[in-house]
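Q: Each chain, letter by letter, is given below.
There are 4 protein chains.
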Amino acid sequence: MKRVKVAVIGAGFSADIHMESYARFVPAADVVAVYDGHDPKGAGNFAKKHHIPAVYDDLDKLYTNEEIDMVDICVPNYLHHGLCVDAARRDKHILVEKPLCLTLEEADEMIAECKKRSLKFMYAEELCFAPKYERARALMESGAVGKLFMLKQSEKHSGPHSPWFYKKETAGGGVMMDMGCHAMAWFRWMNRGAAVKSVYSHMSTVLHDTDCDDNTVTVVEFDNGVTAVAEDSWARHGGMDDRIEVYGTQGVSYADLFQGNSALTYSNKGYDYAAEKAGATLGWTFTMYEEAFNQGYPQELAHFTDCVLNDKEPLVTAADGRAALEMIYAAYESARTGRSVTLPFSPKVKYPIELWLGK
Amino acid sequence: MKRVKVAVIGAGFSADIHMESYARFVPAADVVAVYDGHDPKGAGNFAKKHHIPAVYDDLDKLYTNEEIDMVDICVPNYLHHGLCVDAARRDKHILVEKPLCLTLEEADEMIAECKKRSLKFMYAEELCFAPKYERARALMESGAVGKLFMLKQSEKHSGPHSPWFYKKETAGGGVMMDMGCHAMAWFRWMNRGAAVKSVYSHMSTVLHDTDCDDNTVTVVEFDNGVTAVAEDSWARHGGMDDRIEVYGTQGVSYADLFQGNSALTYSNKGYDYAAEKAGATLGWTFTMYEEAFNQGYPQELAHFTDCVLNDKEPLVTAADGRAALEMIYAAYESARTGRSVTLPFSPKVKYPIELWLGK
Amino acid sequence: MKRVKVAVIGAGFSADIHMESYARFVPAADVVAVYDGHDPKGAGNFAKKHHIPAVYDDLDKLYTNEEIDMVDICVPNYLHHGLCVDAARRDKHILVEKPLCLTLEEADEMIAECKKRSLKFMYAEELCFAPKYERARALMESGAVGKLFMLKQSEKHSGPHSPWFYKKETAGGGVMMDMGCHAMAWFRWMNRGAAVKSVYSHMSTVLHDTDCDDNTVTVVEFDNGVTAVAEDSWARHGGMDDRIEVYGTQGVSYADLFQGNSALTYSNKGYDYAAEKAGATLGWTFTMYEEAFNQGYPQELAHFTDCVLNDKEPLVTAADGRAALEMIYAAYESARTGRSVTLPFSPKVKYPIELWLGK
Amino acid sequence: MKRVKVAVIGAGFSADIHMESYARFVPAADVVAVYDGHDPKGAGNFAKKHHIPAVYDDLDKLYTNEEIDMVDICVPNYLHHGLCVDAARRDKHILVEKPLCLTLEEADEMIAECKKRSLKFMYAEELCFAPKYERARALMESGAVGKLFMLKQSEKHSGPHSPWFYKKETAGGGVMMDMGCHAMAWFRWMNRGAAVKSVYSHMSTVLHDTDCDDNTVTVVEFDNGVTAVAEDSWARHGGMDDRIEVYGTQGVSYADLFQGNSALTYSNKGYDYAAEKAGATLGWTFTMYEEAFNQGYPQELAHFTDCVLNDKEPLVTAADGRAALEMIYAAYESARTGRSVTLPFSPKVKYPIELWLGK
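Listed in order, the protein sequences are those of chains Y, X, F and U.
Counting the first sequence from 1 gives a position; our numbering is that position plus 705.
Counting the second sequence from 1 gives a position; our numbering is that position plus 705.
Counting the third sequence from 1 gives a position; our numbering is that position plus 705.
Counting the fourth sequence from 1 gives a position; our numbering is that position plus 705.
The hints are simulated quantities; they were obtained by calculation from the structure and are not laboratory data.
Misleading hints may appear alongside valid ones.
Because identical chains share one entry, a pair is satisfied inside a single copy or across any pair of copies.
Straight-line alpha carbon distances no greater than 27 angstroms define the calculated DSSO-like cross-link-like pairs of lysine-lysine that follow [to be verified]:
| no. | residue 1 | residue 2 |
| --- | --- | --- |
| 1 | Lys707 | Lys753 |
| 2 | Lys982 | Lys852 |
| 3 | Lys710 | Lys753 |
| 4 | Lys707 | Lys825 |
| 5 | Lys754 | Lys1017 |
| 6 | Lys1017 | Lys753 |
| 7 | Lys754 | Lys707 |
| 8 | Lys857 | Lys746 |
| 9 | Lys852 | Lys872 |
| 10 | Lys766 | Lys852 |
| 11 | Lys707 | Lys1055 |
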C-alpha cells in the first residue's frame, strides 16, 4: 500500500482528534512528525501518546530532516497563514483546520501560493464528511424532500477551553469565527451551485469575559431563493450540540451528531466522559461514542490522503474556506449595522470581528 | 356555581377547539349561542355537534334574544375589528382569537371601546397557557437556567386549509400573521418587563400559490439584551410542530407540544388521525393526544371565564395583541428592506404584509 | 350542578394527588372531609393545604357528622379491606387506590359487601384513564396496528419513600404489589374479553434493604394468544418511568408518560422539582408538567364522580382489582417455582409475597 | 502492511455487509475469493459488485487454487457445520456468522477440529463490537451505574426475506435462532465471569406462515444474581430495531442502534432506503447511516483479521457461540414446558426448535 507521509502541525485539541482518526481509520497516512513552535514539551507528550517518531519546534529542521508529503495544520487561527505559506513554498500539500485564516488577503495569498505550485490545498470542514449529515445530503439530492428552500445548522457548547479563542488577535473573532464557519461552509456544500446573496447576523456577548461574540444567529440568503439559518453559541451548557435541518417542498430531514447519537445514561456516581465539553456526568447524560467518526474527521482525513496519493482534487478547498470567511465578514458587518450585507464583501480589516466592534 | 354566559362567534376550526375545551374543562362557562354571519348552515351543524342551544346569523337578534356575558371571537382576521367593536358597544366582555386584528388603528379602536366601558378584553394567546411551556417559564423564573439571553419559538405545518388565510384582504399577511403572532406574543410573555428594541425578518413564499409569506425567520432584540428567534412556516410537512428553547447563562430548556408529547406509532393500515395537519397515517406517525389541553386552550378559556366571573384582569390583554401586531409590522418592513426595524413602528397601512410586498 | 360529597381517607402521597385532581378538574366532587386514623396532625395540615373543611381521626364521627356520598381510600394496602368494608356497611360508594387489598379473601368480602348494597365500587387504576395510553388503546381498537399479539408495560423508579411499602405486613409484597398491579390491570384493560391463562415472573431484591421484591419481570399469557410483559422496579434511578408498547400484526405503538412528555432541561444550578422521584436536578433533567393529568388521576376521579352522580357502572371495578391480585399471587408463586402458573390460582395466604418467600 | 487472505463463503445478505466492511474499514484483509455452492450466478454478480477476483462453487478448487488464510462463513445455519469442519481440516482460520450451527454436537465437533490444529475460530457476534453498545459496556465497567443487576436486549423487525429462515431444517428454529442468539451472546459478554443458571422463554408464532417461533420473550438468570431479558421478534413492523438497557444499583444506560442513531425524515415522495427492513419511505422515517459500522461489523472483522495476522485469541470464540446455542436449547425447552430450564442442558436433538414443538 502506497502511503502519504504526514507532518502534523500543532499538538492541541484538534491535532489530537486528527491523530486518533489517522491511527484508527486512515491506514494510508503515515504521520512521521509533529511540529509545535510554542509548546515543545506538550508536543513531546503528544508524540509519545500517538507514537509519532519525531518532534520539532523548528520548521527548517522539520522539513530538512523529514520527507513530508503533506502537512496537517491544527493550530490557532492567527498562525494558519504563516504556516500554510511556508509549507506551500516548501512544496507540501496542505490540509488546514477551520477557519481558513484571519483575513481575505491572507486567504488569497495562501491560495495563490498553493495554486502556482499545483499543490493540493484542502479546507478541513469535517461537516462535509460527517456520515449522518452526508446521509441527509444524499437524501435531499435524491429528491426525497423535494426542492430545497431552507437549511439550518447550529453548533453550540459552553465555550472553548484555550484562551486564544477569546482574543481577536489570535482568533479573529468569537464564536462566529470558531463555529459559524462550519455553518457557512456547510450551507454552501448543501446548496452547491448557488451563490450567497446576503448575510444578516445578530450577535451578543452573553456569557464570557471577552469582547468577542459568544452567541449569534445568522440568516443567509442564496441567489436560488434558499434561506439558511445558523445558530452558534459558546453559551449553551450541557455539552456539544450540532444539528441540521433540511427543508424542501416535499419534506424535511433532521439530524444531530451528539444527543441524537448517544446512549442515555443516569449515574449516581458520575463517570469519565460523556461528550465534548459535557462537563459533569452525575444524573442524566448523553453518552457519546465514536465522536471523531460521527463528526467526519477520519473520512475527511482519508479523503485528503487519497487526494494526495492519487492526484485528486479535494471536495472542499481553500476557496470554500475563503468563501466562508467572506460570509463571516458580512455577518460581522451586519451585526454592527443591523442590515443584511450583500456579497461580494471584502473590506480591508485586520480582524473580521472589527467589523462588528466598529474598529 | 356561578356561570358565565358565552356566545361563540364563528363556527370553524378554532371555534371547534374552543367548544371542546369549554365542554370538557370549563364548567363555569355556559355557551348559550353560536353566531356565524357567513355560513349559517355550518353553524347549525356546529351547534348540534356541540349541544349549543341557539344559532344566529344576525348579531342584533343574538344580543337581543340572549343574555350574554362574554363573546369568544373565532373568525377570520379581517372580521375581528368589526365584531369586537360591536360587542364592546353592547357591553360584552371579549375574548378574541389571534391575531388581534389587521392594523394598529383597528387595535387602538378596539382597545379604546373596551376601555371606556371597563370591559375585560383578552387576547387569546394560548401559548401563554400551554402547560409544558408554562412549566419551562416557571423553571426560568426560578433561576434554573440563570439569566435569560435567548428565546426561540417555532410553529410549522404545511399550511392552513381555509383559503382566507392566503389572502391579504382577509388575513392581512401570511404565516407571519397566522403563526408569527404566537412567537411575538410568547417572547414578550417570557421576557416580561423588557421592551422590544428591533425586529429583523427574512421571508419567502416557497410552497403555496399566494403572494403572502409562507416561510419566515425573525430575530427580535429586546432592550435587556435578550435575543429571540422565531421560525414560522406553512411549508413544513409532517404535521403541526410547535417548539421552544429557553437559553440562560446557567442552562437551557427545550420543549415541544406535538412530537415531544406523542405516542410513536407504526401502522401498515393507517388510522383516523395523528395530529393537526399531519396528513397520512401510514408508516411511522407521531400520535397526539389531548391536543387542545396541551396547547393551553382550556386553561386560557378557564382563565378568561374566571376574569369575567370574578372581575380579574386577564393575563394577556389586547395590548399584548397590539404589541405583537406592531412587531409583525416591523417584521414585514424588515423583510422588504433587509434591515432590522426599530420600535415603535406604526406606519399607516391597509394590511401589514404591504410593508413587505412594497405596496 | 349536582355534586358528590366526598370523604378522602388518608392524607399521604396519593391523597395529595387526588386532592389536586379534584380541585382542578372535578368540579362535581365536593371534598367535605379528610380522615386519617394514624396521623391526625398530618391530616390537619393536609386539610389546610387543600381547603378541606373537616378533619377526622374517628370513623364514627366522620360518618355521623358528615353527609358523605363516596369515600376515596388512599391509605397503605393493609388498611384497604377494613376501611372498605366499614364504608360499605355505612352505604357509601367506594373508590379504592391500588392494589385492591392484601388477599383474595379480603377482596371477595369487600366485593360482596358492596354488591349486596348495590354500591359503586371502583378500583382506582389510573392507567386506564391516562390520556396518552387511552389514545394508544383507541388506536389499537381502530385496527391501526392490526391484531394485537403483545403488550408491554413497565413502571420503574428508585423506590417509595414511606417505610410501609417495604414490609409484607403492611404492603403484602414489594414492587409487584405496588407497581406490578398497574401492569396486570392494564393488560386486562387492553385485552378485554380475553382471560389470563398463565403468569410467569422472575423476581429479585437488588437495591433495598427489604425481604420484598424490588425488581421483577413478568410474562402473562392470555387465552387469545396475546403475550404481555411487565417490568416493575424500585431499583431504577433517574425518576419515575412509565411506558407501554402495543404490538399488532400490522404495526406497533409506543408511549410513555414521563420522559416522553417532558421538557428537556440542563441546569448548572438545579431547581425545585423535575418529576416524581427524580431526585437531583443538576445537569440534564426531564422536566415533567401536569403529572397528575398525564397519569389519568383527574379523569379517573371525574369518572367515578360521574358514576356516583348518574348511577353508572365504573369502567374499572373491584373485580378488576381482584383479578390483578390473583395475577400477582401467580407471579409470586412462579417466582418461587420457576414455572408459569396457570389461572385460576387462589391459594390461601396471609400475604401474597409468602408465595415467593416460601412461607 | 501484512495482509490476510480471505475467502468469503456465501454471497447473500450478510456476506454483502461483510464485504462492505472489509472494503471500507479493514485494509489488512484481502478478499481473494468468494465461494457459493448453491448460487454460482449470484456469486458471480456478488464478486463483480465487490471486486473479488475469483468465484468458486467447488470447495476443492477454491482451496487448491487460492492461498487462503481465513474463511468467513456467511451461509444459512445448516451449512455452518460442514463448511467449518471442512475449512478446519484444510487448516484455515475461521470466522462463522451467527448462530454457530444447529446442534451442540455440531458445535463440539467444529470446536474440536479447530482446537487440534490451533486454528483461530471466531464466533461473529457483532454486538460485542457495536461501538455504542461497547461504550455502554465501558461505562458499566467503569462503575458508572454501580453493580449490574439487569440487562435487556431486543432485536426486532418484520422478518427475514429468505425462505430458509422459516424452516427448521435449514435454520434450526425461528427468531430465537436468528436473533435470540445475539441476546444470549451479548448477555454473557456483558456479564463476563458469571454463569447462566437458568433460562425461561415464552414463544409464539403470530405473523408468519411457519411452524417456527416469530415472537419471543426470554428471561435469563445468572449465578451472580443478574437477570437478563431478551425480546426477539419477526413481527414488529417499521424497520430493524436493536436496543439495550443496562441497569445497575447506581444508574442505568439505554442505547439503540437504529432509531436512536438516525436522521428523522418526512417525505411526501419516498426515497431509496431508510434502514434494514424498513419498507416504505413515505411519511416519517428514521433514516439510518453507516449501518454496518454502527452494528459493529467492520470492528468485528478487523478484530479477527488482527487475530489471524498477529496470533491473538479472538474476544468472542466458538465456545461463546456454543454457550449461546445451549441457552437457545433451554429457551425452546422452557417455551414448551412453561418452566425455567437450568443449565447445563444438552439434550440430543436434530433441531433446537424440536424442544418447543415437542418433537
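Q: Take the hints in turn and mark each one as holding or not.
A: Now the hints, each set against the structure:
{"no.": "1", "hint": "Lys707 to Lys753", "result": "both (25 angstroms within a copy, 24 angstroms between copies)"}
{"no.": "2", "hint": "Lys982 to Lys852", "result": "between (36 angstroms within a copy, 21 angstroms between copies)"}
{"no.": "3", "hint": "Lys710 to Lys753", "result": "within (18 angstroms within a copy, 33 angstroms between copies)"}
{"no.": "4", "hint": "Lys707 to Lys825", "result": "within (18 angstroms within a copy, 30 angstroms between copies)"}
{"no.": "5", "hint": "Lys754 to Lys1017", "result": "between (32 angstroms within a copy, 24 angstroms between copies)"}
{"no.": "6", "hint": "Lys1017 to Lys753", "result": "between (32 angstroms within a copy, 25 angstroms between copies)"}
{"no.": "7", "hint": "Lys754 to Lys707", "result": "both (25 angstroms within a copy, 24 angstroms between copies)"}
{"no.": "8", "hint": "Lys857 to Lys746", "result": "neither (41 angstroms within a copy, 45 angstroms between copies)"}
{"no.": "9", "hint": "Lys852 to Lys872", "result": "between (41 angstroms within a copy, 24 angstroms between copies)"}
{"no.": "10", "hint": "Lys766 to Lys852", "result": "neither (54 angstroms within a copy, 52 angstroms between copies)"}
{"no.": "11", "hint": "Lys707 to Lys1055", "result": "neither (42 angstroms within a copy, 52 angstroms between copies)"}
Violation of the numbered hints given earlier is confined to hints 8, 10 and 11; the remaining hints are satisfied by the structure.
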